[in-house]
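S.K.: Dock chain B against chain A, hints included.
So the sequences go chain by chain: A and B.
Its first residue numbered 1, the first sequence is counted upward by one per residue in our numbering.
Its first residue numbered 1001, the second sequence is counted upward by one per residue in our numbering.
Since the hints were derived computationally from the structure, they do not count as laboratory data.
Hints should not be assumed to be uniformly reliable.
[As the list claims (entries may be wrong)] Pair ranges (Cβ atoms, derived): (1) A:Lys123 <-> B:Gln1025: 13 to 23 Å; (2) B:Gln1025 <-> A:Gly361: 17 to 27 Å; (3) A:Ala102 <-> B:Val1006: 45 to 55 Å; (4) A:Lys179 <-> B:Leu1008: 33 to 43 Å.
Cβ atoms here follow ideal geometry from the backbone N, Cα and C, with glycine treated the same way.
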Amino acid sequence: MLNKKYIKFLFLLLLTYKKKHLSVFVISTVIVAVLTSTLFISSAIQKDIYITLDGQADFTIQRYKAGKVLNTPESWIDEFLDIDGVSQVQGRIYGMHFYEPAETYFMIVGVDLFDQEVSANLKKLINGIDIDKFLARDNMIIGSDVKKFFDEYQYKGSYSFRPPDRSIKKVYIYDTFPKDSNIVSSDMIIMDKDLARKILGVEDGYVTDIVLEVPNPKEREMVRQKLIISHFNARIIQKKDIKRYYKNLFNYKGGVFLTLYIIVLITFLLILYQRYSLISQNDSKEIALLRSMGWRIDSVIYLKVAENFFVAFGAYLSGVIIAYIYVFFLDAPLLKNIFLGYTNLAHDVSFTPNINNTDLGIIFLVFIIPFLVAIIIPAWQKATIEPTEIMR
Amino acid sequence: MRFSFVFLTILMGLFVLILLTPHAQDNQDIKTLTKLTRLPGLAISTSYLEKRVLYYDDYSNKLYPSMKNYSQMDFVYVK
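Bound-form chain A, shown alone (with noise of 0.2 Å):
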């Protein structure tokens, strides 16, 4: 049946009713390009969340009484290195800093720039930094949207810091990191960990939390109940836990969304199954016109069928080429906000491509199938009625 002849009169079908077709495709692919490009952009921050995640410590522990969290003495990483199975113990320095006028959170990360580790990841990440150089008066590195706020609000160079002890601790701004890093970065200060400590208010001898790791991970429980039972007042938190707060906070956005796209696709949908219900004479005509040569039911059926299933698919694939574009080239203007948030620093993401092809395949059955379904019903309950019946 379907020959050369027969694709040449399904185009010529298309051809004849192009502004029918023309405004189902047009709302059709906005549709499944808003619907693509919310999977894009939660698949392509899940994947740097996890990337981030992995580079996480097994366990952070924070001290706190009364239900606020204090700062973690220093004395606490040794006591924590006599447990057996556990490595690497490190004790953090960070914090936010409020910029009240502007009601903004920066991010502080203070650094032990004398590690051989942290030195060499930070050559890796900006180019040409001269550690000596770094350390030889208080400098900073700051995250590209800090800059461009620092920029705005005229911070030329440096920036003055008001510790907790009412004084003035003026750091210059060394370099920015880079825009890939955006995501992390984005409200970042990496400054050297003295500095950090003076600047946050954290007295000597003390951190902000300590992390540390268990590389065997049938040790990690015990590992737990030791530390549970080494300080009554420390908060113990498993990496794990932090992946399932992330999980639980995408599941809950996408699925709000979906939500709402699912309400937005049934409305459609039920448009499009009343205006194929109300099938102008033209189109009975030309079902009966068929039914009398000689078409049989099924091949009526397969007819309309196949003329919406070109609409349909052209759709879906402007629908996803264009969120393509949209998310990966544009940066996804205003739906980003969605999951990133947009109460603090501006965003200035750029998202790394993570196309799920199973997302893809799940998009096109849910909208093709229920599509082809609003149109197949009455395209058959025309079929069946006599021709002459119609014609007459």
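M.R.: Frame of chain A, contents of chain B only:
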């Protein structure tokens, strides 16, 4: 008719190109930065409503005086 056919062919070509483009590479900058800071620190959680670290509540602004942008008035009161 020819236009529809060409249009559909171009769309399919672009779609196949998207599918065949290798997307498995990790963002090395993010990897390095995470190794450096050991923080999950996604910008996704910079909003104070979404905590950067699970359970981590930021009390620094309550415990410490707010870090305000200093003005001329600060110097007047220092005297």
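S.K.: If a hint holds in the structure, say so; if it doesn't, say that too.
M.R.: Against the structure, the hints:
no. : hint                               : in the structure
1   : A:Lys123 <-> B:Gln1025: 13 to 23 Å : holds, 21 Å
2   : B:Gln1025 <-> A:Gly361: 17 to 27 Å : holds, 23 Å
3   : A:Ala102 <-> B:Val1006: 45 to 55 Å : holds, 52 Å
4   : A:Lys179 <-> B:Leu1008: 33 to 43 Å : holds, 37 Å
Violated hints: none; the structure is consistent with every hint.
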